[in-house]
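Protein sequences, first through last, are from chains D and F.
Mapped onto the working numbering, the consecutive letters of the first sequence carry residue numbers 5 to 744.
Mapped onto the working numbering, the consecutive letters of the second sequence carry residue numbers 191 to 353.
Just to be clear, a hint being listed does not mean it is correct.
[Unchecked claim] Cβ-to-Cβ under 7 Å is the rule here; a few derived chain D residues that face chain F:
1. Ser-14
2. Val-22
3. Thr-23
4. Leu-118
5. Asn-681
Honestly, the hints are just simulated from the structure, not real lab data.
Just so we're clear, the structure is a prediction, and the values are computed from it rather than from any experiment.
Using N, Cα and C, we set each Cβ at its ideal position, and we do this for glycine too.
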Amino acid sequence: MSTAVGGSISRKDGWVKVTGRAPYAADHPIAGVAHAVAIQSTIANGRITAIATSLAENAPGVLAVIHHGNAPKLYRPENDFMSATKPGEARVVFEDDRVHYSGQYVAIIVAETLEQARYAAELVKISYAVEDPLIETDAALDSAYLPDEFFGEKLTTKRGDPDGALSGAAVTHEASYTTPIEHHNPMEPSASIAVWNGDELTLYETTQWVAGARKTVAQTLGIAEEKIHIVSPFIGGGFGCKGFVWPHSVLSAIAAKKVNRPVKLNLTRKHMFSACGHRSETKQHVRLGAERNGRLVAIDHDTVVQTSTVEEFVEACGNTSRFLYSCPNVRVRHRAVRVNVATPTPMRAPGENPGLFALESALDELAYKLNMDPVELRIVNHADVNEHTRKPWSSKYLKECYRMAAEHFEWARRALQPESMRDGNVLVGWGMATATYPGIRSPGAAKVRLLQDGSVDVISATQDMGGGTYTTMAQIAADVMGVAIERIRTVLGDSLLPPAPVSGGSMTTASILPAIRKAAQDALSKLRQLAATMPASPFTNRPHDDIVAEGGRVFPKGADPSSGLAYEDVLKRTNQSEIEGEGYTGPGPERDKFAFQSFGAHFVEVKVDPEIATVQVSRVVSAFDVGRIVNPKTARSQGYSGVIMGIGMALMEHTVYDSRDGSIVTSNLADYAIPVNADAHSIDILFVDKPDPFIDSDGLGARGVGEITVTGVAPAIANAVYHATGRRIRDLPITPDKLL
Amino acid sequence: MPDRRSVRLTCTLNGRRLSLDAHPMARLLDVLRQQAGLTGTKEGCGEGECGACSVLLNGRLANSCLTPFAHADRATIVTIEGIASGDDLHAVQEAFLECGGAQCGICTPGIVLAAVDLLERTPHPTEHDVRAALAGNLCRCTGYMRIFDSVLEACRRLSASRA
Ligand code: FES
Ligand code: FES
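Starting from the given sequences, assemble the full structure and let the hints guide the process.
This is the structure we're talking about:
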């Protein structure tokens, strides 16, 4: 019987977090650790002509200065996400004298103390041959190219005849939408501590993917994967920037080897702006055609994004437009330009998030042209199947999301016309948008170990960056084992454990929980087999399948549980210290039959001060269909988290580059504004909570909730701002200067 | 090789008197984390913007990333490790645990200290008081909603235990 799954259970990792005892990467106490400081390029394009290191080398406490001229040979890893070798950028650190972007690592100092390393870093003099950098998308447009694929998805697709349909459409809308470069800025900067023991390396890491880190670092260093141990039990937020392997994880390793002792490399906040990815700027052009009744006849979604000169990463903005609404004629195209800016990487709902800003803003504009309620327009165009893949949805309750959120928000009281609602002097606007994110599942493995004291360890090499995996893993184990959740201990974030996928793509719940269920069932089956071997017991002469293990007790089938033994007594009386069950599960043929996708809707109220044009998001109601909710408490937290990040995207987040030298003007938390507590007002998170019947074969039916929550927030806000002010802002963020 | 310009200072750290050695201009943050081994104090920005490094210095909330070690001389310092008594959590910690005030948890030590500081001065804060007291703490995960809930819940628990 399911009791823990579905319960609002407090975080298993809460105690260590509120007491400051949770060991994040930079916190592991390592005897004799030396400190490294990474030096970044001050130019964005060119070559290093000389590195003068003697002053630094002779400074107090300095152990080594490493740069491309004296670094050990490193190897480019395979760079294949599917085989878990995914560096953030293909070029390896210190590969040559080329500089591709401002902030690229050009040297690293290792010293006894952090202060000494910092001081010596100031003494290194680097000379460059500077070439003109290409920083802005518009300046690079001539060289735009058509990348082929993004994680297996084609980036240019067409069905029907969009041009023909547009020219014959009763109502059309066409506009360009842009989103700026944004940085994840988890509150924990990345860190790496490298400890060599002979030819074996332990890395204490901030990684969303211990398995990926192990394999990628191994290939980069040119050593066997088995020689590397990645430890990452706690991560102070990631949002994507800790998913792939970035150069700092290799730098700490080569530095520790060079000085022959452990080395810690903490990135500063400034480093975080060029050292571990960002969301690319996007320029999107959307054309919509519709009939008078609102039925879409054409969607054309054309995107230009940036990538770096050392890697191809494409923010696939248009791919959602292929199936979010029913429409016979759809064209999607992505072009990329290579600029001298650090490499972009997935940031919470890569593609979907900026893509929906364009599509959902455009639909709102179309709704005004049609004089239609924007919810009604979306319902009229509801996609009953995925028209891109032509597969039925595994389950879809998007209309329910609109209904739930609209009702809770009291959307029916909205006046259709812009500038028609006021609160005293303040302009009030209501807007909405759809949210969506795929229901991804990957293979995953787990172990469940029953110990002699009756407690249970649930184990997998997955990660928890704050989403709640420590807790949800324990919940499913508690239910299958029939053991109280307090007696379950979660072990994760270590590459020695059974392999699990990246904590990205909102796939952890759907990938890991079924494996844990299998492992727990396996443990119970082994327990029954063990019971069947017990002489002089209630099970004597019974085959193991005539024995039941549930709710903490082992007993003969049909008998009262009290007639049997507690789990721990079976272990004690058979002298077993523990029993270990294993589970490995993955997606199967259901992936060919169904389209797995989560949906949701945001309804937003903004208040705009007409004098100074500041926007306050005074109320948000969001409803999501993400399959079964394993833990409403942690899931709702993911909702708040996504909504506030969407508020940041809509109103303030913007990384500014100096186009002359490519330097980042806003590389700190004062100049790169993220939402503060004054930006948080009323946020309500609702869930449909209906299990997806096909995503796993175990009836769990959870699709994951990490990323969908941010999608659609920014357009809902932009739509509300239009409703308040009559001003359509198509260029994020919506700062006061754009509204004045 | 220890820095030859280091000085020895004595302070009271989480109720214990002890001496620490470091350069007088070393960041208190680093001295706490490295010399004292108290890694609950976090670095989010290193320049006074995020509050992750908050400690109570002579009874006042301070960003330890901006505090030179010299200021620790004869000071009373409380870090997150000094908030619970043994395994008994402070009401603020209990409330953060139960209300979901901590997600990734990296901002939590600083925010718990800011909340403890607030409730010591203002036992019955309004929501506005809570917002003002936590204005120096950034959180990228929670959306702040549950942090407010946690502080107000802690306040209820503290008044109930006083009554
Ligand atoms: S680390 Fe001190 S305020 Fe951010
Ligand atoms: S809980 Fe992650 S930064 Fe606050």
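Status of each hint after checking the structure:
1. Contact between Ser-14(D) and chain F, as hinted, is supported at the beta carbon level, the nearest pair being about 5 Å apart and thus within 7 Å.
2. Interface hint at Val-22(D): satisfied, since its Cβ lies 4 Å from the closest Cβ of chain F, which is below the 7 Å cut-off.
3. Because the closest C-beta pair between Thr-23(D) and chain F is about 6 Å apart, less than 7 Å, the hint holds.
4. For the restraint placing Leu-118(D) at the interface with chain F, the shortest Cβ-Cβ distance is roughly 6 Å, inside the 7 Å limit, so the hint holds.
5. Given hint, Asn-681(D) at the interface with chain F, holds; its Cβ is 4 Å from that chain's nearest Cβ, closer than 7 Å.
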